[in-house]
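Q: Please build the complete structure, drawing on both the sequences and the hints.
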Amino acid sequence: MKIPPNFKYIRTYTLDEYYEKANQISLPLIISGGTVAVLMLKNRLIRPEAVIDISQIPELNIVKINKDDVFIGANTKLYKLKDILPNDSASELIVKSASTVGDIAIRSMGSVGGNVCLGDPSNDLPVALTAIDAQAVIGKKDGITYLPIKNFYIKPFKTVLNKGEILLGVNYKMLNGYRTSYKKHFINFLDHYVGIVAAIAKIEENVIKDFKMAIGGEAVGKPVKFDLSEFSNVDEIKIIKERMFDYVNTMHIENNRFGTANYKKKVLYTLISRAIDEVLKL
Amino acid sequence: MKIKLNINGTNYESDVEPRMLLVDFIRDVAGLKGTHVGCETGSCGSCMVLLDGMPVKSCLMLAVQAEGKKIITVEGLSGKNGLNKVQKALSERKALQCGFCAAGFSIIGTWILDNEENVDYQKVKEDIAGVVCRCSGYDQIIKTITEVAKNE
Chain A
1 MKIPPNFKYI RTYTLDEYYE KANQISLPLI ISGGTVAVLM LKNRLIRPEA
51 VIDISQIPEL NIVKINKDDV FIGANTKLYK LKDILPNDSA SELIVKSAST
101 VGDIAIRSMG SVGGNVCLGD PSNDLPVALT AIDAQAVIGK KDGITYLPIK
151 NFYIKPFKTV LNKGEILLGV NYKMLNGYRT SYKKHFINFL DHYVGIVAAI
201 AKIEENVIKD FKMAIGGEAV GKPVKFDLSE FSNVDEIKII KERMFDYVNT
251 MHIENNRFGT ANYKKKVLYT LISRAIDEVL KL
Chain B
1001 MKIKLNINGT NYESDVEPRM LLVDFIRDVA GLKGTHVGCE TGSCGSCMVL
1051 LDGMPVKSCL MLAVQAEGKK IITVEGLSGK NGLNKVQKAL SERKALQCGF
1101 CAAGFSIIGT WILDNEENVD YQKVKEDIAG VVCRCSGYDQ IIKTITEVAK
1151 NE
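Keeping their order, the protein sequence lines are chains A and B.
Our numbering applies: residue 1 is where the first sequence begins, and numbers increase by one.
Our numbering applies: residue 1001 is where the second sequence begins, and numbers increase by one.
Among the hints, erroneous ones may be present.
If you want the footprint, here are the derived chain B segments under chain A, 3+ residues with CB under 8 angstroms [unchecked claim]:
| # | stretch |
| --- | --- |
| 1 | 1014 to 1021 |
| 2 | 1032 to 1042 |
| 3 | 1051 to 1057 |
| 4 | 1062 to 1075 |
List of simulated lysine-lysine pairs, DSSO-like, C-alpha gap at most 27 angstroms [said to hold, decoys possible]:
| # | chain 1 | residue 1 | chain 2 | residue 2 |
| --- | --- | --- | --- | --- |
| 5 | A | 77 | B | 1070 |
| 6 | B | 1070 | A | 80 |
| 7 | A | 77 | B | 1004 |
| 8 | B | 1070 | A | 8 |
| 9 | A | 2 | A | 80 |
| 10 | A | 82 | B | 1069 |
| 11 | A | 80 | B | 1069 |
| 12 | B | 1125 | A | 184 |
| 13 | A | 202 | A | 183 |
| 14 | B | 1033 | A | 2 |
| 15 | A | 42 | B | 1069 |
| 16 | A | 80 | B | 1125 |
| 17 | A | 238 | A | 281 |
| 18 | A | 21 | B | 1002 |
| 19 | A | 42 | B | 1004 |
| 20 | A | 77 | A | 173 |
| 21 | B | 1085 | B | 1143 |
| 22 | B | 1002 | A | 2 |
| 23 | A | 173 | A | 209 |
| 24 | A | 80 | B | 1150 |
| 25 | B | 1143 | A | 2 |
| 26 | B | 1125 | A | 96 |
| 27 | B | 1004 | A | 21 |
| 28 | B | 1125 | B | 1085 |
| 29 | B | 1094 | B | 1143 |
| 30 | A | 42 | B | 1033 |
| 31 | A | 77 | B | 1094 |
Honestly, the hints are just simulated from the structure, not real lab data.
Beta carbons are placed, not taken as given, at the ideal position from N, Cα and C, and that holds for glycine.
A: The following block contains the structure:
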């Protein structure tokens, strides 16, 4: 029987209350849905002084669809995304990635904020959000800052969030008329994704107007963004793939219990190749 | 800390440690032993319950997080007339063997029945992915839930 260590439980109802409590506690653990955080507590991988529950803060529970952009509050449950996001291509990529998280019971507990903030290389949303140039909306006592998601991660399980700060949500521009692809490769018994690839491209009459790709997963540690708009013709698929394979070859990929560097590179080649085919082949 | 949870329509009030898991509250405070503790990592789904109508894994949730929400366990699925449609069908078609995972499949099957549209084999297969059965090959479980949903 796995029992978490002792901790104080603090439920916050407003952002001000959160900032006050989070600054008072030396080692807080922030939870919204709980899934991974509770699992880490049960395995005693973390021993927080207090668990701060942010699930009741109204500002984190909203989804705002404006004329050109969308804001998803950090507490938004993953299963809800497919019903509440608009029909644009950027949202489509987010929904594709969110729908591959665990199973329906995990998606009904897990939140967008949790998926983004944990910094686990296996998490899905960071890769999709990086591909669409989304921004992290970070709240702190003296205001709000916006940071591109690609700059949000320092290393696995480490984000730029400082004590007393909170991810209010993510913001992204709607994109229309794009084709999207989301691929990942799972090692079941290690509960880890070796590689994750998200791609989004706009093609008009065989001409590539815009093409972005992000790579994540255990192989790379934190999401990496690639802008491939320099290519203009869909017939250049082979060259684009080679360029991406070259990028992968220059990356520092480690041999570890999840596989050899060579294996992980081959996984990435396959995922990249499939994603490129899916968005560029007419 | 004192918490009050509504499980199957009944309020259970208890003074618990914040670290108490929802599954432990259900089993040890409310005494509802139908919700099982299996893998304890959120993989097997034996501890699945409905929380405000959505399936959740009660081994991955603190009891305090469930305050103010309506919890339905496998015991709460059956009404005055006994087992609900999914439970009855799983039993009649011998879809389950040892029964350890019965709570999980009954909960997710009922959720599928109440929430999914155009249910087919593939959809059920995807939805039940969070519940593990080590006896059967899933086929009979999926067929049973699909058939019950189609007959709705």
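Q: Now, for every hint given, state plainly whether the structure supports it.
A: Taking the hints in turn, this is what the structure says about them:
Note: the stretch 1014 to 1021 of chain B has 4 residues with beta-carbon separation from chain A under 8 angstroms; the three-residue rule is met and the coverage holds. Given a C-beta distance limit of less than 8 angstroms, the hint that chain A covers the stretch 1032 to 1042 of chain B holds, as 4 residues qualify and 3 suffice. For a cut-off of 8 angstroms, the count of residues in the stretch 1051 to 1057 of chain B with a CB near a CB of chain A stands at 5, and the three-residue condition holds. As drawn, the stretch 1062 to 1075 of chain B meets chain A at 3 residues by the rule of a beta-carbon pair under 8 angstroms; at three or more, the given contact holds.
Restraint check for residue 77/A and residue 1070/B: satisfied, since their Cα atoms lie roughly 17 angstroms apart, inside the 27 angstroms limit. Taken as a hint, the residue 1070/B and residue 80/A pair is honoured in the structure, with Cα atoms around 19 angstroms apart against an allowance of 27 angstroms. Using a Cα cut-off of 27 angstroms, the hinted pair residue 77/A and residue 1004/B holds, with the two alpha carbons roughly 24 angstroms apart. Of the supplied pair hints, the one linking residue 1070/B and residue 8/A holds, its CA atoms being roughly 24 angstroms apart against a limit of 27 angstroms.
The suggested pairing of residue 2/A with residue 80/A is violated, with an alpha-carbon distance near 30 angstroms, which exceeds 27 angstroms. A threshold of 27 angstroms between alpha carbons decides the hint, and for residue 82/A with residue 1069/B the separation of about 23 angstroms falls inside it, so the pair holds. Of the supplied pair hints, the one linking residue 80/A and residue 1069/B holds, its CA atoms being roughly 18 angstroms apart against a limit of 27 angstroms. A distance of roughly 20 angstroms separates the Cα atoms of residue 1125/B and residue 184/A; the hinted pair therefore holds under the 27 angstroms criterion.
Taken as a hint, the residue 202/A and residue 183/A pair is honoured in the structure, with Cα atoms around 18 angstroms apart against an allowance of 27 angstroms. For the hint pairing residue 1033/B with residue 2/A, the CA-to-CA distance comes to about 18 angstroms; that is within 27 angstroms, so the pair holds. For the suggested pair residue 42/A and residue 1069/B, the alpha carbons sit about 23 angstroms apart, so the restraint of at most 27 angstroms is met. Restraint check for residue 80/A and residue 1125/B: the C-alpha separation of about 20 angstroms stays at or below 27 angstroms, so the hint holds.
Our distance criterion of 27 angstroms between C-alpha atoms is met by residue 238/A and residue 281/A, whose separation comes to about 11 angstroms. Restraint check for residue 21/A and residue 1002/B: the C-alpha separation of about 21 angstroms stays at or below 27 angstroms, so the hint holds. Restraint check for residue 42/A and residue 1004/B: the C-alpha separation of about 23 angstroms stays at or below 27 angstroms, so the hint holds. Taken as a hint, the residue 77/A and residue 173/A pair is honoured in the structure, with Cα atoms around 20 angstroms apart against an allowance of 27 angstroms.
Of the supplied pair hints, the one linking residue 1085/B and residue 1143/B holds, its CA atoms being roughly 14 angstroms apart against a limit of 27 angstroms. Our distance criterion of 27 angstroms between C-alpha atoms is met by residue 1002/B and residue 2/A, whose separation comes to about 22 angstroms. For the hint pairing residue 173/A with residue 209/A, the CA-to-CA distance comes to about 17 angstroms; that is within 27 angstroms, so the pair holds. Distance hint between residue 80/A and residue 1150/B is fulfilled; the C-alpha atoms sit about 24 angstroms from each other, no more than 27 angstroms.
Annotation: proposed proximity of residue 1143/B to residue 2/A is violated, straight-line Cα distance about 35 angstroms (limit 27 angstroms). Restraint check for residue 1125/B and residue 96/A: satisfied, since their Cα atoms lie roughly 18 angstroms apart, inside the 27 angstroms limit. With a C-alpha separation of about 24 angstroms, the suggested pair residue 1004/B and residue 21/A falls inside the 27 angstroms cut-off, and the hint holds. A distance of roughly 19 angstroms separates the Cα atoms of residue 1125/B and residue 1085/B; the hinted pair therefore holds under the 27 angstroms criterion.
At roughly 11 angstroms between alpha-carbon atoms, residue 1094/B and residue 1143/B fall within 27 angstroms of each other, so this suggested pair holds. Proximity of residue 42/A to residue 1033/B is assessed by CA-CA distance (about 21 angstroms); at most 27 angstroms being required, the pair is judged to hold. Restraint check: the Cα-Cα separation between residue 77/A and residue 1094/B comes to about 35 angstroms, which exceeds 27 angstroms; the hinted pair is violated.
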